[in-house]
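Heads up: the sequence lines are chains B and E, in that order.
Note that numbering that gives the first Met the number 0 numbers the first sequence so that position 69 is 68, with each residue one more than the last.
Note that numbering that gives the first Met the number 0 numbers the second sequence so that position 122 is 121, with each residue one more than the last.
Read the hints as simulated data drawn from the structure, not as lab findings.
As the structure is a computational prediction, the values presented were derived from the model and not from experiment.
Check each hint, because a few of them may be wrong.
What the hints assert, rightly or not - On the chain B side, residues computed to face chain E include the following (Cβ under 7 Å):
#, residue
1, I33
2, Y252
3, N254
4, I281
To be verified - Subject to a maximum C-alpha distance of 27 Å in a straight line, what follows is the list of computed BS3-like cross-link-like pairs (lysine-lysine):
#, chain 1, residue 1, chain 2, residue 2
5, E, K121, B, K43
6, E, K96, B, K4
7, E, K121, B, K31
8, B, K31, E, K96
9, B, K77, B, K167
10, B, K167, B, K251
11, B, K279, E, K121
12, B, K279, B, K266
13, B, K17, B, K126
14, B, K119, B, K260
15, B, K125, B, K279
16, B, K4, E, K121
17, B, K17, B, K77
18, E, K76, B, K4
19, B, K174, E, K76
20, B, K270, B, K4
21, E, K96, B, K279
22, B, K17, E, K96
23, E, K121, B, K309
24, B, K279, B, K251
Each residue gets a CB set at the ideal place from its N, CA and C atoms; glycine is no exception.
Here is how the chains run, residue by residue.
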Amino acid sequence: MTTSKTILYDHHTALEAKLAPFAGWEMPIQYKGILAEHQAVREKAGLFDVSHMGRIGVRGPDAEELLDYLSSNHIMGKEPGSATYTVWPNEHGGSVDDLIVYKNSDTDFFVIVNASNRQKDLDHLKKWAQGKSVQIEDYFEGNGILALQGPKALPLLSSIYPEVAQIKPMHFIRKGYIYLSRTGYTGAGGFEIYAPNEEIVTLWDRLMQLGVEPIGLGARDTLRLEMGFALYGHELTDDIAPTESVSAWSVKYDNHDFLGKEAMQKKEGRKAYGVLLLDKGIARQGHPVLFDNKQIGEVTSGTFSPTLNKAIALILVDRSLKIGDIIIIQIRNTACQGQVVELPFVRKNK
Amino acid sequence: MKYTESHEWIENGQENIVRIGVTQYAQKELGDIVYVELPTTGRDINAGQELAVLESTKAAADVYSPATGTIVEVNSKLTDHPELINQSPEDSGWIVKIKVSNPAELDLLMDRQGYDQFLNGK
């Protein structure tokens, strides 16, 4: 497979980023270091090139109905200019992907999906759009995505686009071909910007001149994990139901018929929890979780939380646990104690 | 010092108790080290066997013993200060001391010049 490069590839190499293949893209994993980058986002602001993520247009008289049927969250009746997080369940009650649905109007939407699932999502959309009045367009070529995240994101971006101060969280505005969206996946507040490549380069350069730190995908992962946000391939898979994940809050059963709903209601049984490690060690995906000397599940994601200075993990288990329960995570030859805690691990700064 | 292709170093002195650690190149590749899983002292270890695990913010990496011997001491400072490996990988960020059982084994490893050439070839 050939790897794609974002329009900012040369910028990343000039900044001496450590690059690695990710979902078919050569992406910056880190610049200065994950800990320093993580802290920059929590305390100031950081800029991510997330142009690898998929952007797919869904338009037409049946677009809203289709997206509402494919999503476990409500899409129907959302106001224009809103951005909605949802999981797309599959027919077996597992998860196709998690994504954000952007609504321009009742007949004009686009979705931002995980890079690794772009083709699967396109196929899924096309399959269920058959016989409906919906056009699906992949914005793979010529477009990019930036995420400006952190408490200083608002003053920084409003120095370029004063109108962003009016955008409510989980909403967006359109400025020509540029979409300015008050969304993100770090819990630090901020914006995501969808634009043609030439605008992406201009904006990246301007924000760099304003002193914003570039942030790689490594810190993106530690930031999202501190918030207890799902990452597809970890907390959500083809076999894990949205209701068995930390994204369960986004599933709306009431007055909502959606693909995979019944299968999901039959399937659900496992539960997702956040765990703070009490012993030293770093839990990773696949490490067994034990309770009462019995394996009850696995770690889906684990890392070191730079904010808490402790190791944290998300687990998927087949029994209910209470906040405060002590479980064991088997890390290679070591049994590490962990405590079930409320999510997010780190309180949001707005 | 002698070096391995898996980026460990081992002291190569007159003494047969020597320090082992990872190279500057290795720490740069791994990024911020946040935890070091150290072995227990007294354990016998073969050349090429897993000696310790370095956990970075991103992933876990095994450290292999460059030589056969017995672990006589571990760098317990790493328990609370894993960042020593980033700051000083080839000195105060050493990982274990071993008593080498077959010093001739070290002759098979690369010297600094050989290791630098190996890195340049990557």
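> Hints broken by the structure, by number, lowest first?
Replying inline: 2, 3, 5, 6, 8, 11, 12, 13, 15, 17, 18, 19, 20, 22, 23, 24
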